[in-house]
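Engineer: Build the full structure now, drawing on both the sequences and the hints.
According to the working numbering, the sequence shown holds residues 1 to 177 in order.
Careful: at least some of the hints might be erroneous.
Claimed, not checked - Taking lysine-lysine pairs in the DSSO-like style, the calculated list, with each CA pair at most 27 Å apart, reads: (1) Lys-131 x Lys-97; (2) Lys-150 x Lys-118; (3) Lys-131 x Lys-158; (4) Lys-118 x Lys-145; (5) Lys-158 x Lys-97; (6) Lys-150 x Lys-100; (7) Lys-150 x Lys-97; (8) Lys-158 x Lys-145; (9) Lys-145 x Lys-131; (10) Lys-100 x Lys-158; (11) Lys-118 x Lys-131; (12) Lys-131 x Lys-78; (13) Lys-100 x Lys-145; (14) Lys-78 x Lys-118; (15) Lys-131 x Lys-150; (16) Lys-145 x Lys-97.
Just so you know, the hints here were simulated from the structure itself, not pulled from any lab data.
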Amino acid sequence: MFRLGSLIVRNVLRNRRRSILTLASTAISLALLALLIAIFQGFFYGEDSSPWEALRLICRHRVSLTQALPASHMQRIKSVPGVEQVSAWTWFGGVYKEPKNFFARFAVDSDIIFDMRKDWSAPANQVAAFKRDRAGCAVAETIAKQFGMKLGDHVVIKGDIYDVTLDMTLDAIFAHA
1 MFRLGSLIVR
11 NVLRNRRRSI
21 LTLASTAISL
31 ALLALLIAIF
41 QGFFYGEDSS
51 PWEALRLICR
61 HRVSLTQALP
71 ASHMQRIKSV
81 PGVEQVSAWT
91 WFGGVYKEPK
101 NFFARFAVDS
111 DIIFDMRKDW
121 SAPANQVAAF
131 KRDRAGCAVA
141 ETIAKQFGMK
151 LGDHVVIKGD
161 IYDVTLDMTL
171 DAIFAHA
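Structural biologist: So this is what it looks like as structure tokens:
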């Protein structure tokens, strides 16, 4: 066994350029294989999407979700052929009761969000209440069940990105198709 190990080491060190190129080509091949597997899984093993989700394009700032696109871009995006609606979303972050209670929290345009997200459904009276109430919020059914939320509850979120505490009223609970 000792002879075999020393033989391998001697041959690897005999031509260093060849050894480096062999290792580099193997590493690149493995990286490409991992990338292709990830792309394949993304296309074929992801969650089933509704027809509306398949046609949705989300644009965001290249730096982070917390950075908004310039407001002037909204009109330019609306003018692109095939674009039906445009809405600004702002990642709020924040903490609900305890830091471990994580779920996505976005500030959205209440007037068009339920028209735009056709895969979200809520009773018409709840959507109307959400549109009327400037301090209102809408929550997905799964999150409402997880945290025991009911319509009319006060939802207090303490900001961690923005230094503000929001006291909102739960106006709508929507189902995600």
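Engineer: So, for every hint listed, does it hold in this structure?
Structural biologist: Here is how each hint holds up against the structure:
1. Lys-131 x Lys-97: Holds, because 25 Å separates the two Cα atoms, which is no more than 27 Å.
2. Lys-150 x Lys-118: This hinted pair holds, its Cα atoms lying about 23 Å apart.
3. Lys-131 x Lys-158: holds (22 Å)
4. Lys-118 x Lys-145: holds (22 Å)
5. Lys-158 x Lys-97: Measuring from Cα to Cα gives roughly 8 Å; hence the hint holds.
6. Lys-150 x Lys-100: holds (20 Å)
7. Lys-150 x Lys-97: holds (16 Å)
8. Lys-158 x Lys-145: Holds, because 21 Å separates the two Cα atoms, which is no more than 27 Å.
9. Lys-145 x Lys-131: holds (22 Å)
10. Lys-100 x Lys-158: Status holds; Cα separation ~13 Å.
11. Lys-118 x Lys-131: Given that 27 Å is the threshold and the Cα spacing comes to 16 Å, the pair holds.
12. Lys-131 x Lys-78: holds (22 Å)
13. Lys-100 x Lys-145: holds (16 Å)
14. Lys-78 x Lys-118: holds (19 Å)
15. Lys-131 x Lys-150: With a Cα-Cα distance of about 18 Å, the restraint between Lys-131 and Lys-150 holds, given a limit of 27 Å.
16. Lys-145 x Lys-97: holds (15 Å)
Hint check: no violations occur; every hint is consistent with the structure.
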